[in-house]
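Single-letter residue listing:
2 protein chains.
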Amino acid sequence: MKKKDKNTEEKILQAARQAFTSKGLSGARMQDIADTAGINKALVHYYFDSKEKLFALIFEEEFGKFFSNLAAVLTADIPLFEKIEQVVALDIERLSQFPDMPLFVINEVSRNPAMIVERFKQLPIKKVTANFQKQIDEEIKKGAIKNISSDQLLINIQSLSIFPFVAKPMLKSVLQVNEKNYKIMMQMRKKSVATFIIDAIKT
Amino acid sequence: MKKKDKNTEEKILQAARQAFTSKGLSGARMQDIADTAGINKALVHYYFDSKEKLFALIFEEEFGKFFSNLAAVLTADIPLFEKIEQVVALDIERLSQFPDMPLFVINEVSRNPAMIVERFKQLPIKKVTANFQKQIDEEIKKGAIKNISSDQLLINIQSLSIFPFVAKPMLKSVLQVNEKNYKIMMQMRKKSVATFIIDAIKT
DNA sequence: TTGTTTATTAACCATTTGGTTAAATTTCAA
DNA sequence: TTGAAATTTAACCAAATGGTTAATAAACAA
Chain A
22 MKKKDKNTEE KILQAARQAF TSKGLSGARM QDIADTAGIN KALVHYYFDS KEKLFALIFE
82 EEFGKFFSNL AAVLTADIPL FEKIEQVVAL DIERLSQFPD MPLFVINEVS RNPAMIVERF
142 KQLPIKKVTA NFQKQIDEEI KKGAIKNISS DQLLINIQSL SIFPFVAKPM LKSVLQVNEK
202 NYKIMMQMRK KSVATFIIDA IKT
Chain B
22 MKKKDKNTEE KILQAARQAF TSKGLSGARM QDIADTAGIN KALVHYYFDS KEKLFALIFE
82 EEFGKFFSNL AAVLTADIPL FEKIEQVVAL DIERLSQFPD MPLFVINEVS RNPAMIVERF
142 KQLPIKKVTA NFQKQIDEEI KKGAIKNISS DQLLINIQSL SIFPFVAKPM LKSVLQVNEK
202 NYKIMMQMRK KSVATFIIDA IKT
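Protein chains in written order, with the working numbering: chain A, 22 to 224; chain B, 22 to 224.
These are calculated hints, taken from the structure and not from any lab test. Among the clues, some could well be false.
Since the list gives no way to pick out one identical chain from another, each pair is judged satisfied if it fits inside one copy or across any two copies.
Below, computed lysine-lysine pairings styled on DSBU-like, alpha-carbon distance capped at 30 Å [to be verified]:
1) 32 x 211
2) 211 x 155
3) 104 x 148
4) 44 x 142
5) 201 x 72
6) 148 x 62
7) 212 x 74
8) 104 x 62
Predicted model only: the values in this text are computed from it and were never measured.
Modelling step: build the complete structure from the supplied sequences, incorporating the hints.
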């Protein structure tokens with residue numbers, strides 16, 4: 022039975038990911054996770070101790086997806102406009118793959134801000150933002166783009182990329198588009214959003 | 022004791038709003054709401070029957086704030102650029118006043134999409150979007166703005182306005198700004214976002 | 001083969017939670 | 001003043017929930 026180890030563990034993680042990302046920490050049920058994984062509830066505790074700990078693992082995972090490549094692209098040594106195109110395309114591709122993830126992460130950070138503050142302390146954020154800031158300032162000085170703070174630009178980029186996924190059910194209703202067409206719209210945004218941003222800032 | 026009616030009712034609603042918007046439907050506790058309102062838990066049920074019904078009331082309220090003036094501005098008979106400025110300013114002003122509201126609404130719509138679909142059936146969305154669409158198409162034909170679908174433009178406007186409030190705790194961490202400075206940034210966005218959008222679409 | 005370790009389960013347990021009930025208190029009209 | 005109606009509370013209740021335990025089954029090393 023020892024070979025089943027990884028198998029069971031993985032099944033639990035999969036079920037937990039599904040439960041937590043769709044219902045949140047307080048909405049998810051351990052019994053549900055066990056049922057979905059096709060095992061006894063006690064086994065979930067056997068493998069992962071408590072709900073909190075299991076949740077922390079899932080959060081870590083999803084949080085990683087959220088920020089993994091962003092820093093890399095942001096600090097890459099490429100022209101600004103190209104960088105914007107890459108960040109947007111990367112964001113939207115990742116979000117298309119894991120559509121529940123951003124709302125999940127946002128929720129849990131909102132409900133427990135201390136968690137993220139801790140995690141961020143170990144990341145070289147300042148380096149990333151300072152690097153980006155420098156590139157922006159240079160472009161402004163060159164007269165290639167209008168005057169804008171790198172913080173605000175970063176917020177705009179992430180807003181345009183992420184929000185349509187976070188608010189998907191609402192936007193689908195307002196705009197009265199079905200699932201298929203919404204996905205098509207998101208694919209179009211991979212290019213159109215970058216163009217939108219570049220047009221907004223170039224002189 | 023009859024005069025206390027409105028008073029108690031309002032105290033409960035206030036406590037419920039606080040609980041639901043900060044912790045969501047499943048995270049909020051009836052006992053908590055009663056305690057915050059300074060009354061017995063049974064009284065909450067006396068006035069509002071069930072948790073679900075109380076929640077529905079609060080949701081209705083918050084949802085109203087979300088969409089109240091938007092339709093009015095969108096269908097107003099004013100130039101496009103002016104309209105964009107007004108929508109953004111209105112959005113950000115409202116969101117500054119009720120910062121928990123958008124995440125709350127988005128969450129509950131995500132968890133129960135049927136609810137919003139029902140509600141939207143009674144609203145003249147098609148009229149609003151068709152109206153806006155027409156204005157966009159005219160501006161494109163005039164050559165005043167670039168070619169863009171009104172849906173995508175609407176998504177961009179709402180993304181830039183709402184997302185910074187939805188993701189506030191996360192953005193505060195990433196950008197390492199404190200509460201006061203974040204508020205200042207949001208105030209600046211009332212104008213800068215409109216300019217950003219107009220620059221993005223004008224020819 | 002056998003004894004030890006690991007994995008899995010059924011049955012429980014304590015706590016929390018939404019909700020109810022019956023009694024007490026207050027209000028107010030007659 | 002009195003009695004019915006409305007308001008408020010303390011004490012409960014049943015169901016749900018996270019978690020534990022003790023026993024069983026499987027895996028494996030000797």
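Can you name, in rising order, the numbers of the hints this structure does not satisfy?
1, 5, 6, 7, 8
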